[in-house]
Amino acid sequence: MTGKERIKNAFQCKPVDRIPWLPFVGSHGASLLSMSAEDYLKSSTAILAGAAKAIELYRPDGIPVVFDLQIEAEVLGCELKWAEQNPPAVVSHPLANGTELEDLTIPGPDQGRIKTSLDVTESLVKQYPDLAIYGLITGPFTLAMHLLGTDLFMRMFDTPGYVKKLIDYCGRVSRAIAGYYIEAGCDVVALVDPMTSQIGPDQFNEFVTPYATTIFDGIREQGVLSSFFVCGHAQQNIPVMCDCRPDNVSIDENIPLDYVRDECLPRGISFGGNLQLTSVLLLGDEVDAQKNAIACMEVAGEKGFVLAPGCDLPYATPPKNLQAIAEIVHDPYKRDVARTLASNAADEDQLDMREYGKADKVIVDIVTLDSEACAPCQYMVDAVKKVAPEFEGIVVWREHKIKYKESLVFMTSLMVRNVPTICIDGQITFVSRIPPRDELIAAIQKRINEKFKTRIRQRKATLYVLDGGNKGTEEVKERIDQAIRELGASVQVEIVTDPDIMRLYGVVPQETPAVVMANYQLKSVKHIPEVVVIKEWIKNL
Amino acid sequence: MDQEPVKPVDVWMLTGYLGAGKTTLLNALLSGTYFAGKKMTLVINEFGKMGIDGQLVEPGDYRKYEINKGSIFCVCTKTDFMRIFQEIEQQRPDAVIIEATGIAETSDIEQLLYDSTFDNAFEIRANLCIVDGQYFIQTAAFLKAAVAQVRWADGLIINKKDLVTAEGLDQVRQVLTELNPVAPQVVTEFGKIEPAFLDGLTHRRRDADLFERPPEDIPSIYVKADSIIDRERFFITLEKLRDNILRLKGDVCFQDGPAFVDVAGGRITEQSAKGTLGARTAFSVIGWKIDKHELEKAFQQTQFPVTAEPKEKNKS
Numbered sequence: 001m002t003g004k005e006r007i008k009n010a011f012q013c014k015p016v017d018r019i020p021w022l023p024f025v026g027s028h029g030a031s032l033l034s035m036s037a038e039d040y041l042k043s044s045t046a047i048l049a050g051a052a053k054a055i056e057l058y059r060p061d062g063i064p065v066v067f068d069l070q071i072e073a074e075v076l077g078c079e080l081k082w083a084e085q086n087p088p089a090v091v092s093h094p095l096a097n098g099t100e101l102e103d104l105t106i107p108g109p110d111q112g113r114i115k116t117s118l119d120v121t122e123s124l125v126k127q128y129p130d131l132a133i134y135g136l137i138t139g140p141f142t143l144a145m146h147l148l149g150t151d152l153f154m155r156m157f158d159t160p161g162y163v164k165k166l167i168d169y170c171g172r173v174s175r176a177i178a179g180y181y182i183e184a185g186c187d188v189v190a191l192v193d194p195m196t197s198q199i200g201p202d203q204f205n206e207f208v209t210p211y212a213t214t215i216f217d218g219i220r221e222q223g224v225l226s227s228f229f230v231c232g233h234a235q236q237n238i239p240v241m242c243d244c245r246p247d248n249v250s251i252d253e254n255i256p257l258d259y260v261r262d263e264c265l266p267r268g269i270s271f272g273g274n275l276q277l278t279s280v281l282l283l284g285d286e287v288d289a290q291k292n293a294i295a296c297m298e299v300a301g302e303k304g305f306v307l308a309p310g311c312d313l314p315y316a317t318p319p320k321n322l323q324a325i326a327e328i329v330h331d332p333y334k335r336d337v338a339r340t341l342a343s344n345a346a347d348e349d350q351l352d353m354r355e356y357g358k359a360d361k362v363i364v365d366i367v368t369l370d371s372e373a374c375a376p377c378q379y380m381v382d383a384v385k386k387v388a389p390e391f392e393g394i395v396v397w398r399e400h401k402i403k404y405k406e407s408l409v410f411m412t413s414l415m416v417r418n419v420p421t422i423c424i425d426g427q428i429t430f431v432s433r434i435p436p437r438d439e440l441i442a443a444i445q446k447r448i449n450e451k452f453k454t455r456i457r458q459r460k461a462t463l464y465v466l467d468g469g470n471k472g473t474e475e476v477k478e479r480i481d482q483a484i485r486e487l488g489a490s491v492q493v494e495i496v497t498d499p500d501i502m503r504l505y506g507v508v509p510q511e512t513p514a515v516v517m518a519n520y521q522l523k524s525v526k527h528i529p530e531v532v533v534i535k536e537w538i539k540n541l
Numbered sequence: 001m002d003q004e005p006v007k008p009v010d011v012w013m014l015t016g017y018l019g020a021g022k023t024t025l026l027n028a029l030l031s032g033t034y035f036a037g038k039k040m041t042l043v044i045n046e047f048g049k050m051g052i053d054g055q056l057v058e059p060g061d062y063r064k065y066e067i068n069k070g071s072i073f074c075v076c077t078k079t080d081f082m083r084i085f086q087e088i089e090q091q092r093p094d095a096v097i098i099e100a101t102g103i104a105e106t107s108d109i110e111q112l113l114y115d116s117t118f119d120n121a122f123e124i125r126a127n128l129c130i131v132d133g134q135y136f137i138q139t140a141a142f143l144k145a146a147v148a149q150v151r152w153a154d155g156l157i158i159n160k161k162d163l164v165t166a167e168g169l170d171q172v173r174q175v176l177t178e179l180n181p182v183a184p185q186v187v188t189e190f191g192k193i194e195p196a197f198l199d200g201l202t203h204r205r206r207d208a209d210l211f212e213r214p215p216e217d218i219p220s221i222y223v224k225a226d227s228i229i230d231r232e233r234f235f236i237t238l239e240k241l242r243d244n245i246l247r248l249k250g251d252v253c254f255q256d257g258p259a260f261v262d263v264a265g266g267r268i269t270e271q272s273a274k275g276t277l278g279a280r281t282a283f284s285v286i287g288w289k290i291d292k293h294e295l296e297k298a299f300q301q302t303q304f305p306v307t308a309e310p311k312e313k314n315k316s
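Taken in order, these protein sequences are the chains called A and B. Residue numbering for the first sequence follows the working numbering, beginning at 1 and increasing consecutively. Residue numbering for the second sequence follows the working numbering, beginning at 1 and increasing consecutively.
Among the hints, a few may not be true.
Said to hold, decoys possible - Mimicking EDC-like on lysine to aspartate or glutamate, the simulated pairs with C-alpha atoms at most 16 Å apart in a straight line are:
| no. | chain 1 | residue 1 | chain 2 | residue 2 |
| --- | --- | --- | --- | --- |
| 1 | A | K81 | A | E38 |
| 2 | B | K274 | A | D158 |
| 3 | B | K292 | A | E206 |
| 4 | A | K81 | B | E296 |
| 5 | B | K224 | A | E206 |
| 6 | B | K292 | A | D202 |
| 7 | B | K39 | B | D10 |
| 8 | B | K7 | B | E123 |
| 9 | A | K361 | A | E390 |
| 10 | A | K165 | A | E102 |
| 11 | B | K224 | A | D158 |
| 12 | B | K38 | B | D94 |
| 13 | A | K334 | A | E392 |
| 14 | B | K249 | B | E296 |
| 15 | A | K403 | A | D382 |
| 16 | A | K303 | A | E5 |
| 17 | A | K523 | A | D352 |
| 18 | B | K39 | B | D119 |
| 19 | A | K403 | A | E390 |
| 20 | B | K249 | A | D158 |
| 21 | A | K385 | A | D370 |
Derived from the structure by calculation, the hints contain no laboratory data. This structure is a prediction, so every number in the text was calculated from the model and none was measured.
Construct the complete structure from the given sequences, taking the supplied hints into account.
Right, dumping it as structure tokens:
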């Protein structure tokens, strides 16, 4: 199944081989090319290169041509303020500055950046026939806001007839732009109308529904799929958005995905969203991104769902976060791992592992999903299992299946982030890679050597010479001193004459001279060791 | 030795619909005594400002950040906001004033400031919501953020008292009290407020769900009809619903001719019909504590069942 087929099927609530994935690359494409959003959004060459880079990195099923809701407004006379890392801002509103609505015409395909976008569309359609190409058009309510400014809300009361006339005009603009995108080959036309989040369902029905419905009906008549994008706190409007008959409703993190699922699917409408843009994709790491994606996929289910960020990706979104999402989208095994991690999240239960791995034996921990159910995990466990006996009892190995909570706690405590992973004495050593036999042996041997050196440095001992008054005590003491001298060892010698202490060692005074050796190992300082760690010490006694 | 905990930076938030007078208030605050001598940072998150009123924050000794992007849209601004506050966290000014967009959700900004990323680096000193005495009722019926901002305010500043009648002002105050009974109110012109008002404010953190739509308490209806409206029944309805109508405005085609009727602050005025609304009768009503359908029904009952030509009416 190609990406395009996958998205088309999802839009029509038909079966898919996996959930389709659609990163909304807008000004983020500029960061992939190390250029400003302004230069990027004004250049068809740059937008095409940015989209190509995003496709290479993120392996999506579809891609938007451009994500900029000011394109139509600019052509219609709104002044823009450009930014380095954002789409431009509308800073003047022609209808608030003397222009009459009657003076505004429907923009043509060759005007301003409409042409830029259509040029990119044609190239993307040719170069990526297997991907669903999304044309994004500004919704009529948002465009009306651009043209009139926030007076729009005031005039919904003062002159509702005028507002309707204005939105009707904006709807005709949207239909025209949709037609241009369809002619250029877009597979999906998305009507993006975020300002509708500011009004309630009654106002939506009155000022948006008639115009949006006509747009979606028009797109459908041309044999192309449609999506209704909204962002912000627009939960109240999801049912009325569905009433406009789009094929898909796409939302951001401000609306619960399960709510949208339950509103859309019974009406045969697909839905998309709602990866968290700032806290996860921009400021989080790969693990956060995968967890968030898994959460979305778990809630949404496979029917009629497109995994996507809630809106235009922030310019500086780290590519590795989106690549991490692509990995779990494409690889069922990695998806299983991420799902298990997400479902057993136990960050708050982390163990203090500073003393882990200080036992006499070398401990090899294998963190797996489950070696009985997952092939890479099985091979990793087998590798360790075969090598361990060669160290004749010095090496102990254990498998930690992260489907169990305690194993997950162990994994997060050791800062392990990938599965399967081999840790040797608590140190992450092989990540998602089955080590060749020789390499594994070398790694374990290296740790044994380190431990041996450390032990020699750390070990302290005392020899107690038990003196019950019998002959020979002095001679024993002299011989011990000689041995210590010859070895250069750090051993103290103490003479014990108290019969009660001798008895504690199991010796009565009549049996002296006797020698008792005590080894001391510093195990922890100024903190309370975990039980799992103490157990390891005790096992060595 | 343990380090002393760092005191969080005070954050003052100014909310209010565009044109309510936030920038005037901000300028008044910056030139007044309350913040004199303090190291201030401003975060201006207004949009469309240049085109609408051309009003700007006056230059002064403070650091200023502007979040002004086409995507005034929700989460998109969040990214800029977080980035700016990460910078401010390093600079540690004495106070930050945020001038939020007219459509900002106060709760969103609070949530961002208390985000774990900032590790309690900021503390909201107070949410000040500036209310346009003249136009608040209109916006409240259509724009959910206008109401949400009032509900989340720690102090309500009713501006432009010079542009509204005493009855109109009372009505606004009554609505504001219903929406937010605990926030102290002050009535002002040109955003001038006494430092004592600011001193007396306490920030209350709320965990309530976000207000998702214009409240049921303030329904709006639009009546458009080609039938004739019975003058007597229409005015009886207005009288009966006196306490339930905040605003009514538009053309009404009575049997004695069309008229433009305006109800504001309980005062009814009637003028020549404007005829710009595309129907004989076309008027908007903003109700108060009345069910939308009840309001619609009340005005439907003022219509004659059959269309009759209205008589010519003397222009008033």
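Here's how the hints hold up against the structure:
1. At roughly 10 Å between alpha-carbon atoms, K81 of chain A and E38 of chain A fall within 16 Å of each other, so this suggested pair holds.
2. Only pairs whose Cα atoms come within 16 Å are accepted, and K274 of chain B paired with D158 of chain A is accepted, the gap being roughly 12 Å.
3. For the suggested pair K292 of chain B and E206 of chain A, the alpha carbons sit about 14 Å apart, so the restraint of at most 16 Å is met.
4. For the given pair, K81 of chain A sits about 44 Å from E296 of chain B by alpha-carbon distance, which is inconsistent with the 16 Å threshold.
5. A hinted pair counts as satisfied when its Cα atoms are at most 16 Å apart, and K224 of chain B with E206 of chain A qualifies at roughly 12 Å.
6. Pair hint K292 of chain B plus D202 of chain A holds up; C-alpha atoms about 10 Å apart against a cutoff of 16 Å.
7. Between K39 of chain B and D10 of chain B the CA atoms are separated by roughly 11 Å; this keeps the pair inside 16 Å, and the hint holds.
8. For the suggested pair K7 of chain B and E123 of chain B, the alpha carbons sit about 9 Å apart, so the restraint of at most 16 Å is met.
9. Between the alpha carbons of K361 of chain A and E390 of chain A the distance comes to roughly 14 Å, so the proposed pair stays at or under 16 Å and holds.
10. Our distance criterion of 16 Å between C-alpha atoms is met by K165 of chain A and E102 of chain A, whose separation comes to about 10 Å.
11. Simply put, K224 of chain B and D158 of chain A have alpha-carbon atoms about 14 Å apart, close enough for the 16 Å limit, and the pair holds.
12. Under the criterion of a C-alpha separation no larger than 16 Å, the hint pairing K38 of chain B with D94 of chain B is consistent with the structure, at around 6 Å.
13. Of the supplied pair hints, the one linking K334 of chain A and E392 of chain A is violated, its CA atoms being roughly 35 Å apart against a limit of 16 Å.
14. With a C-alpha separation of about 15 Å, the suggested pairing of K249 of chain B with E296 of chain B holds against the 16 Å cut-off.
15. Of the pairs offered as hints, the one joining K403 of chain A and D382 of chain A is violated, with about 19 Å between alpha carbons and a cut-off of 16 Å exceeded.
16. Of the pairs offered as hints, the one joining K303 of chain A and E5 of chain A holds, with about 14 Å between alpha carbons and a cut-off of 16 Å not exceeded.
17. Pair hint K523 of chain A plus D352 of chain A holds up; C-alpha atoms about 14 Å apart against a cutoff of 16 Å.
18. Among the hinted pairs, K39 of chain B with D119 of chain B is inconsistent with the structure: their alpha-carbon atoms are about 21 Å apart, more than 16 Å.
19. Restraint check: the Cα-Cα separation between K403 of chain A and E390 of chain A comes to about 30 Å, which exceeds 16 Å; the hinted pair is violated.
20. In summary, the hint linking K249 of chain B to D158 of chain A is supported, as the alpha carbons are separated by about 7 Å, within the 16 Å threshold.
21. Pair hint K385 of chain A plus D370 of chain A holds up; C-alpha atoms about 15 Å apart against a cutoff of 16 Å.
The earlier numbered hints that this structure contradicts are 4, 13, 15, 18, 19.
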